[in-house]
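Listed below are the residues making up each chain.
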Amino acid sequence: ICVFKIPGREIPIVHRIIDRHDSPETGKQQLLTKGDNNIPNDRGLYQELYINKDKMWIEPKEIVGRVQGFLPYLGMFTIYMTDYPLLKYALLSGVGLVVFLYE
Amino acid sequence: MNSLQNRANAVMAFSISAIFCLLGAIAFSALIIPSSPTGAVALDSIKVVTGRYDKNWQDFKTRNSEFANTIMRIDADLSSLFHWNTKQLFVYAVAEYSTPTHPKNQIVLWDTIIKRKSDAVISKRGLNNKYSLIDVNKKWTDVNANVSLHWNIVPYVGFMTYGHSKASEGYAFPLPSGIQT
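Heads up: the sequence lines are chains B and L, in that order.
For the first sequence, full-length UniProt numbering assigns the number 1 to the initial residue and increments by one for each residue that follows.
For the second sequence, full-length UniProt numbering assigns the number 1 to the initial residue and increments by one for each residue that follows.
Hints listed in this document are in silico derivations from the structure and should not be mistaken for laboratory results.
If you're wondering where the values come from, they're calculated on a predicted model, not measured in any experiment.
Do not take every clue at face value.
Pairs of lysine to any residue, SDA-like flavour, derived with a Cα cap of 25 Å [said to hold, decoys possible]: (1) B:Lys28 to L:Asp142; (2) L:Lys55 to B:Gly35; (3) L:Lys139 to L:Phe60; (4) B:Lys53 to L:Asp54; (5) B:Lys61 to B:Cys2; (6) B:Lys55 to L:Lys130; (7) L:Lys138 to B:Gln29; (8) B:Lys53 to L:Arg63; (9) B:Lys53 to B:Ile18; (10) L:Lys138 to B:Ser23; (11) L:Lys115 to B:Gln68; (12) L:Lys87 to B:Gly75; (13) L:Lys47 to B:Lys53; (14) L:Lys55 to B:Glu48; (15) L:Lys47 to L:Arg73; (16) L:Lys87 to B:Lys53; (17) B:Lys53 to L:Lys55; (18) L:Lys87 to B:Gly65; (19) B:Lys28 to B:Leu45; (20) B:Lys5 to B:Val64.
Just a few of them, taken from the derived set where beta-carbon distance is under 8 Å, the chain B residues facing chain L [to be verified]: (21) Ile1; (22) Arg20; (23) His21; (24) Asn52; (25) Met56; (26) Pro72.
No residue lacks a Cβ here, since even glycine has one placed at the ideal position from N, Cα and C.
So here's chain B without its partners, still in its complex pose (with noise of 0.2 Å):
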């Protein structure tokens, strides 16, 4: 499982590379992702972008990263903090206070 991004689009997908063709010629690596829940294969999210009209594969310098484990929930803290911005205020304004008052 890989972390890639389109070029072209901001946010990188983690999906599993599912097809893979080697040429050592030409140095190229042709790599096909698809989600684990969908069912087609990611080549509509390849070919959104209209710059990226026929684009079929992906190559190995468009990969990011590499999926190593899982440590679930870590992340809602930031999503949190994002989604509810009153709940960042009230967080900032109170170590402000503490600081302020304690010392």
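Go by the hints and put chain L onto chain B.
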């Protein structure tokens, strides 16, 4: 010294450290559990058809791309891979072959997700490949492919691990049978 704030701080720090130690113990202990999975894929028949359209193929420009339709049988016993840290198993059958232009090619023919130990014994006959089997060059002349079963253990906490069975012996792809899609 023993104000509410100090006590709350001490409790939070200790519980967070304890939770991370527990998660670390689960993650590392799952690496050393012995397991003995067995699996084998065999192809009962291969037919090559030419055409423009196939199961989930997107390039409709070529009129006679060669697609291979296979009938597989899969036998596997993966129940020993289920332990306290297994969330699910992602099992997939891979065909591997080489052509003159591309020495190494791997294509996933079929996959499934297993969520319970009681479902982990697979014995399937007469399966069609779930995804189009087509080469980059869109031709299957002179290709010998071997198939194997791969699995990926998705944990609750910890590291993703992979495994696979031995590769079967090679299957030769026949000539296109004249059926058009």
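(message) Of all the hints numbered above, which does this structure not satisfy? Sort the numbers upward.
(response) 13, 16 and 24
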